[in-house]
Structure formats: structure tokens, C-alpha cells
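There are 2 protein chains.
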Amino acid sequence: MQEHDDIDILVSEVGPRDGLQSIKSIMPTAAKKAWIAAQAAAGVREIEVCSFVPAKLLPQMADAAEIVRYARTIPGLTVLALVPNFKGAQNAIEAGAHKIALPLSASETHSKANLRKTHDEVIDEVRRIAELLRSLPAGERPGLEGNVATAFGCTLEGPVPERKVVELARRLMEAGVDEVGLSDTTGYANPTQLRRLIKLVRAEVGHDRLSSVHLHNTRGLGLANALAALEEGITTLDSSLGGLGGCPYAPGASGNIVTEDLVFMLDAMGLRTGIDIEKLLAVRQILVDALPGEALYGFTPEAGLPKGYARGGWGVRAAA
Amino acid sequence: MQEHDDIDILVSEVGPRDGLQSIKSIMPTAAKKAWIAAQAAAGVREIEVCSFVPAKLLPQMADAAEIVRYARTIPGLTVLALVPNFKGAQNAIEAGAHKIALPLSASETHSKANLRKTHDEVIDEVRRIAELLRSLPAGERPGLEGNVATAFGCTLEGPVPERKVVELARRLMEAGVDEVGLSDTTGYANPTQLRRLIKLVRAEVGHDRLSSVHLHNTRGLGLANALAALEEGITTLDSSLGGLGGCPYAPGASGNIVTEDLVFMLDAMGLRTGIDIEKLLAVRQILVDALPGEALYGFTPEAGLPKGYARGGWGVRAAA
Numbered sequence: 001m002q003e004h005d006d007i008d009i010l011v012s013e014v015g016p017r018d019g020l021q022s023i024k025s026i027m028p029t030a031a032k033k034a035w036i037a038a039q040a041a042a043g044v045r046e047i048e049v050c051s052f053v054p055a056k057l058l059p060q061m062a063d064a065a066e067i068v069r070y071a072r073t074i075p076g077l078t079v080l081a082l083v084p085n086f087k088g089a090q091n092a093i094e095a096g097a098h099k100i101a102l103p104l105s106a107s108e109t110h111s112k113a114n115l116r117k118t119h120d121e122v123i124d125e126v127r128r129i130a131e132l133l134r135s136l137p138a139g140e141r142p143g144l145e146g147n148v149a150t151a152f153g154c155t156l157e158g159p160v161p162e163r164k165v166v167e168l169a170r171r172l173m174e175a176g177v178d179e180v181g182l183s184d185t186t187g188y189a190n191p192t193q194l195r196r197l198i199k200l201v202r203a204e205v206g207h208d209r210l211s212s213v214h215l216h217n218t219r220g221l222g223l224a225n226a227l228a229a230l231e232e233g234i235t236t237l238d239s240s241l242g243g244l245g246g247c248p249y250a251p252g253a254s255g256n257i258v259t260e261d262l263v264f265m266l267d268a269m270g271l272r273t274g275i276d277i278e279k280l281l282a283v284r285q286i287l288v289d290a291l292p293g294e295a296l297y298g299f300t301p302e303a304g305l306p307k308g309y310a311r312g313g314w315g316v317r318a319a320a
Numbered sequence: 001m002q003e004h005d006d007i008d009i010l011v012s013e014v015g016p017r018d019g020l021q022s023i024k025s026i027m028p029t030a031a032k033k034a035w036i037a038a039q040a041a042a043g044v045r046e047i048e049v050c051s052f053v054p055a056k057l058l059p060q061m062a063d064a065a066e067i068v069r070y071a072r073t074i075p076g077l078t079v080l081a082l083v084p085n086f087k088g089a090q091n092a093i094e095a096g097a098h099k100i101a102l103p104l105s106a107s108e109t110h111s112k113a114n115l116r117k118t119h120d121e122v123i124d125e126v127r128r129i130a131e132l133l134r135s136l137p138a139g140e141r142p143g144l145e146g147n148v149a150t151a152f153g154c155t156l157e158g159p160v161p162e163r164k165v166v167e168l169a170r171r172l173m174e175a176g177v178d179e180v181g182l183s184d185t186t187g188y189a190n191p192t193q194l195r196r197l198i199k200l201v202r203a204e205v206g207h208d209r210l211s212s213v214h215l216h217n218t219r220g221l222g223l224a225n226a227l228a229a230l231e232e233g234i235t236t237l238d239s240s241l242g243g244l245g246g247c248p249y250a251p252g253a254s255g256n257i258v259t260e261d262l263v264f265m266l267d268a269m270g271l272r273t274g275i276d277i278e279k280l281l282a283v284r285q286i287l288v289d290a291l292p293g294e295a296l297y298g299f300t301p302e303a304g305l306p307k308g309y310a311r312g313g314w315g316v317r318a319a320a
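Heads up: the protein sequence lines correspond to chains A and B, in order.
For the record, in the first sequence the residue sitting at position 185 is 185 according to the numbering used here, with numbers rising by one throughout.
For the record, in the second sequence the residue sitting at position 295 is 295 according to the numbering used here, with numbers rising by one throughout.
These are calculated hints, taken from the structure and not from any lab test.
Treat the hints with care, as some may be off.
Remember, identical chains collapse to one label, so a pair may be satisfied in a single copy or spanning two.
What the hints assert, rightly or not - With a straight-line Cα cutoff of 30 Å, these simulated DSS-like cross-link-like pairs (lysine-lysine) come out: (1) Lys-87 - Lys-117; (2) Lys-307 - Lys-117; (3) Lys-99 - Lys-56; (4) Lys-56 - Lys-112; (5) Lys-33 - Lys-164; (6) Lys-307 - Lys-24; (7) Lys-307 - Lys-112; (8) Lys-307 - Lys-164; (9) Lys-307 - Lys-33.
Model the full assembly from the supplied sequences, consistent with the hints where possible.
Right, dumping it as C-alpha cells:
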């Protein structure tokens with residue numbers, strides 16, 4: 001993993017994993033590599049490049065190991081891989097991922113539907129993965145993050161009790177993860193709820209053990225939630241280029257928050273992301289070309305940057 | 001004007017004015033009336049129902065006086081009309097508007113393009129309108145709001161100096177408006193800039209003289225900006241049902257912030273708007289039927305409410 005002392009906010013691109021696993025098209029390996037390389041060249045420091053799941057279940061991820069190996073050759077890039085279980089973690093470690101993330105759904109109904117595992121079974125996998133990681137030499141040991149998914153409500157169960165989310169975050173830490181994250185898998189979160197839950201989880205696991213949130217824009221609140229998270233001191237925000245994938249509903253109801261709009265917001269606010277927004281906007285063309293017919297989202301790519309926009313803070317310049 | 005002691009945030013619907021004047025279709029008068037009535041019945045307390053401009057220029061607004069007279073018959077509804085000049089104000093007063101709003105573009109280039117008037121000329125109109133209003137009996141005197149438009153940047157001029165916005169807000173107050181508003185006409189604003197400008201303008205004209213902002217979602221930051229405004233103590237937010245109109249760019253780059261998404265956010269945060277969100281979502285069908293082929297925006301209408309959503313705060317219930 002890389003240190004990022006020169007940026008304020010780490011934008012963690014999840015499109016190659018969350019985006020590509022949610023659409024029907026299978027992106028060719030070469031296009032995935034071009035996407036990852038171009039986005040890293042635009043200044044993105046962390047990319048969740050794949051998920052280590054059986055190709056039978058998710059053919060979109062059949063090239064996971066090759067993608068990790070390729071991404072590892074890009075200087076300065078933290079290569080993140082999602083894994084559903086111990087077996088996936090073994091494969092991710094073997095391929096060379098810098099960091100491994102594992103989802104634990106607060107809704108047990110969703111956990112059983114998604115990973116075919118109860119909470120106890122998922123925690124057992126985490127414990128085994130943590131043991132495996134501890135057996136590795138310190139310099140070759142990937143980081144391990146546990147993400148509490150459906151943390152703000154579930155499409156199957158409805159409301160999820162906050163004490164359940166807090167308890168699962170604690171159990172993930174006890175099982176050996178380095179840090180926890182909160183995922184609004186269903187796009188149910190609102191700014192007030194998000195703030196409260198960040199505070200509650202931090203009170204349980206420690207302030208510095210929760211630094212990232214994964215937000216969706218399903219009801220249009222994605223960037224408002226991102227702002228609320230920033231104000232709570234969250235420093236890592238997941239997003240997906242073109243809001244790719246994660247669209248369980250009608251067109252317009254996108255999934256992940258859109259990287260382009262998020263970076264525009266952060267950049268305009270004068271926050272340092274390390275990302276060149278004009279280069280970032282140009283990466284979208286790779287998706288357009290490689291995924292014909294797939295819906296892409298985002299407002300900034302359509303509208304363009306404001307006239308006279310200055311990188312590093314439109315507001316700052318307008319104040320002159 | 002109505003008092004609203006039973007709500008926290010006043011959602012001011014601007015679709016019948018800002019929405020309808022920005023699209024090519026002309027909505028039949030009967031449909032406008034049905035829309036206004038249905039939205040008032042859903043609990044919306046204030047609607048900007050029209051603009052008093054020559055029908056030659058904006059045939060969409062040819063029935064402005066009839067619409068105001070009709071809207072005045074709806075109990076509890078504050079009827080707002082936009083006017084570009086003294087003549088428009090005379091017509092709005094005659095028709096019976098509760099409140100008159102006049103835009104003053106911070107970008108003088110935009111002011112000349114929009115109203116064909118310099119700053120000095122617009123201020124002169126405001127002064128004459130204020131004099132006219134003072135000549136009316138107190139009980140029949142509409143309120144007067146001056147909106148600083150393109151306050152966050154202009155598509156023609158680019159960055160707009162903040163001192164210019166502050167100065168124009170002061171001049172509007174001196175010319176006799178009751179209050180000022182800030183309009184992000186171009187969708188350029190970001191949360192940091194918005195907060196700073198709200199503070200600067202309030203420092204000049206008084207805290208209670210700036211209570212409303214008019215936001216666009218052109219770059220996807222609309223609700224993040226709305227959240228920032230709320231946190232600064234703004235209590236009136238303009239929005240447009242279905243994000244209707246105001247789309248100078250490609251599809252997807254909507255104009256005004258979407259009433260449905262805004263109300264969902266406020267309602268989910270536990271803020272009282274007086275609006276029944278399910279009834280509000282149903283009003284959209286009137287637009288679908290009356291404006292065939294026009295693009296409507298919004299994520300909540302597509303995705304629907306969360307499973308088990310409880311009005312008055314999803315987060316509150318989820319905390320149980």
C-alpha cells in the first residue's frame with residue numbers, strides 16, 4: 001500500500017470490480033488494462049481492479065489474476081481486490097494484490113443471498129484470512145479491510161438496526177481486519193444517518209479504523225452523502241467511472257457514485273485528490289468504446305467543466 | 001404569504017416557471033392548474049407559478065395572469081411570480097401574486113443577454129417596483145425578493161467575483177426588496193463556495209435577509225449544495241418536479257435540482273417539509289401525460305422509496 005501525504009482525499013475507483021460485475025457485457029482484458037492504466041495516469045491512486053470469484057459465477061472476472069498482476073506493474077497504484085471467502089483471498093494474495101476487501105452484509109438475508117454464508121460463517125472466513133496474512137513476511141503482507149455492506153438498509157430486509165452494524169464492525173476487527181468500511185450497497189443512506197453511523201462505528205472500533213465509505217447514487221443522494229462523510233473526517237471515497245454498473249432499476253437510477261462528478265466536487269472545493277480532472281474525463285472514452293450499449297452516468301462529463309474553471313478550486317479563483 | 005411554523009424547510013417548487021420556460025413544449029393551462037393543485041395537495045407550500053414576460057418572447061407563459069388567479073384559490077399556498085421588470089410586476093400585482101421575485105444577474109454580460117438591462121437599469125426597475133408596492137395597502141402588498149443570478153459563475157463571463165455578488169445583494173436591499181436569494185443559474189456552485197458566499201452576503205445584508213437558494217444540478221452537485229446550504233441555516237430551497245427544464249446540454253445534464261430527490265433527502269433526514277412524499281411522487285404523472293417527449297429527471301422516482309421506508313426519518317427507524 002502507498003502513503004498519500006500529498007492528497008486530502010483518496011478516491012478509490014471501484015468500476016473495474018463493482019461496475020463490471022454488475023453489467024452483462026464482458027470487458028476484454030486488454031480494455032480493462034487500458035482503463036486501469038489511463039485512470040492511474042490521470043492520478044487515481046487506488047483501484048479495486050477485480051473480484052476473486054469463480055469464473056462460473058462471474059465470467060466478467062475470469063481474468064482477475066492477470067489484471068492484478070498487470071496493475072501491480074503501475075508505479076504508485078494501490079491494487080485492491082475483493083474476495084468473498086478464504087479461497088478468493090488465497091488467489092488474491094498469490095496474484096499480488098496490495099489490499100484485500102471482504103464484504104460482510106449487515107442484512108443476514110442478503111449475506112446468504114450474496115455469499116451463501118451466515119454472519120458467523122463470514123467471520124470465520126475473515127479469521128482464516130487474517131491468520132494466513134499473519135503467516136506472510138511483513139513486507140509481502142496485503143492489507144485487509146472488512147466492509148459492512150447493506151449498512152444503511154437492505155432491499156430484502158428493509159431497515160437494518162444500527163447496533164447490528166456496530167456489532168459486525170467490532171467482530172470484523174476482532175477477527176483480524178486492519179480497518180472497516182461502510183457500504184451503502186442499496187442507495188438507502190441519507191446524510192444524517194450516515195453521520196450518525198460513522199460516529200457509532202468509530203466509537204466502537206476506534207476513529208482511525210474507519211476511514212472509507214462506499215456510496216451509491218440510487219436515489220440521487222450520493223454526493224450529498226459524500227459531503228457528509230467528508231465532514232465527518234472520512235478520507236477515502238469509493239466511486240465508479242461513468243457510474244458504471246450497479247443499476248438494479250430503470251435507466252437514470254445509477255449505481256455507484258460517479259467518479260467524474262465526485263472528483264469535480266472535491267477539486268472545486270479545493271481538496272487535493274492528486275487527480276487531473278481533464279485527464280480523468282478523457283478516460284471515459286475507453287468505456288464507451290469497450291462497452292457498446294452500456295449506460296454510463298454522470299453530469300460533469302455531459303455538461304463539461306465550468307467556463308474559466310481553474311483546477312484546485314473554482315471558488316478560490318471566483319473570490320478574487 | 002403564509003407562515004410555516006410547522007415545517008423546518010420550505011421547498012419552493014419552481015417547475016411551472018423555470019421548468020416550463022426552458023422547454024419547447026407549451027403546457028396547456030388546464031394541465032398547469034392540475035399540476036399546481038396536485039402539488040399543493042401533496043403539501044408543497046410555495047410554488048413559483050409563472051413569469052410575467054411578453055407572450056411574444058415566452059409563449060409558454062402567455063396564461064400567467066390566469067395561472068396566478070387560479071393558484072390564489074388554493075388555501076395555504078404562497079403564489080410566487082417571477083418578473084423581469086416594472087411592467088411585469090404591475091401585471092403580477094394585478095393578478096394577485098403573494099410574492100414577486102426579480103433576477104439580477106451578477107454577470108452583467110448575462111444580465112444584458114437575459115433582461116437586456118445593465119445592473120443600474122435593473123436596480124432602477126427594482127426601486128420603482130418597491131415604490132409601487134409601498135403605495136399599496138399593507139394587507140394587499142406582495143413580498144419582493146431580489147435574486148442574484150449567476151452568483152457562482154457565468155457561462156458567458158466565467159468566474160464572477162464574490163465582492164460583486166455581495167455588492168449587488170446590498171444594492172437590491174437598498175432599492176427596497178424584502179429579502180435576497182442566491183441563484184446558481186449555471187450549475188457551477190460547489191459546497192465550499194456556496195457556504196462562503198452565503199456567509200459573505202449575510203454579513204452585508206443581515207442574516208435573516210438571505211434565507212433561500214436556487215440550485216441547479218448541471219454537474220451533479222445539486223443535493224450536495226443543498227445540504228451545505230441547510231447546514232448554513234438556509235430554510236428555503238427551490239427545486240423543480242422531475243428536474244423539468246433548464247437543460248442547456250446533453251441528456252442527463254439536468255437543470256434545477258429535482259423536487260422528488262430533494263424531498264426524499266429532507267424527509268429521510270427527519271426534517272419536516274409538510275410534504276407527503278408518496279403523493280408528491282404521484283404528481284409526476286401529470287408531467288408525463290401533459291409533456292410527451294420531454295425529458296424528466298430524478299433518481300428517487302425511478303428507484304422508488306427504500307423497502308420499509310418510514311416517513312419522517314428512515315434513519316430514525318433503522319436506529320431501533
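Cross-check of the supplied hints:
1. Taking the closest pair of Cα atoms, Lys-87 and Lys-117 come within 30 Å of each other only inside a single copy of the chain (14 Å); across copies the shortest separation is 70 Å, beyond that limit.
2. Taking identical chains as interchangeable, the C-alpha atoms of Lys-307 and Lys-117 lie at most 30 Å apart only when they sit on different chains, with a minimum of 23 Å there against 51 Å within one chain.
3. Taking CA atoms no more than 30 Å apart as the test, Lys-99 paired with Lys-56 passes inside one copy only; the shortest distance there is 24 Å, against 64 Å between copies.
4. For the identical chains of this complex, Lys-56 and Lys-112 are intra-copy neighbours only, at 19 Å inside a copy versus 63 Å across copies, given an alpha-carbon limit of 30 Å.
5. For a Cα distance limit of 30 Å, the shortest separation of Lys-33 from Lys-164 qualifies neither inside one copy, at 39 Å, nor across copies, at 48 Å.
6. Only between protomers do Lys-307 and Lys-24 lie at most 30 Å apart by alpha-carbon distance; the minimum there is 26 Å, versus 37 Å within a single protomer.
7. With identical chains, the CA atoms of Lys-307 and Lys-112 are at most 30 Å apart between copies only, with a shortest distance of 18 Å across copies and 50 Å within one.
8. Taking CA atoms no more than 30 Å apart as the test, Lys-307 paired with Lys-164 passes between copies only; the shortest distance there is 18 Å, against 47 Å inside one copy.
9. In the homo-oligomer, the alpha carbons of Lys-307 and Lys-33 never lie at most 30 Å apart, since the shortest distance is 33 Å inside one protomer and 38 Å across protomers.
Hint compliance for this structure: hints 5 and 9 are broken, all remaining hints hold.
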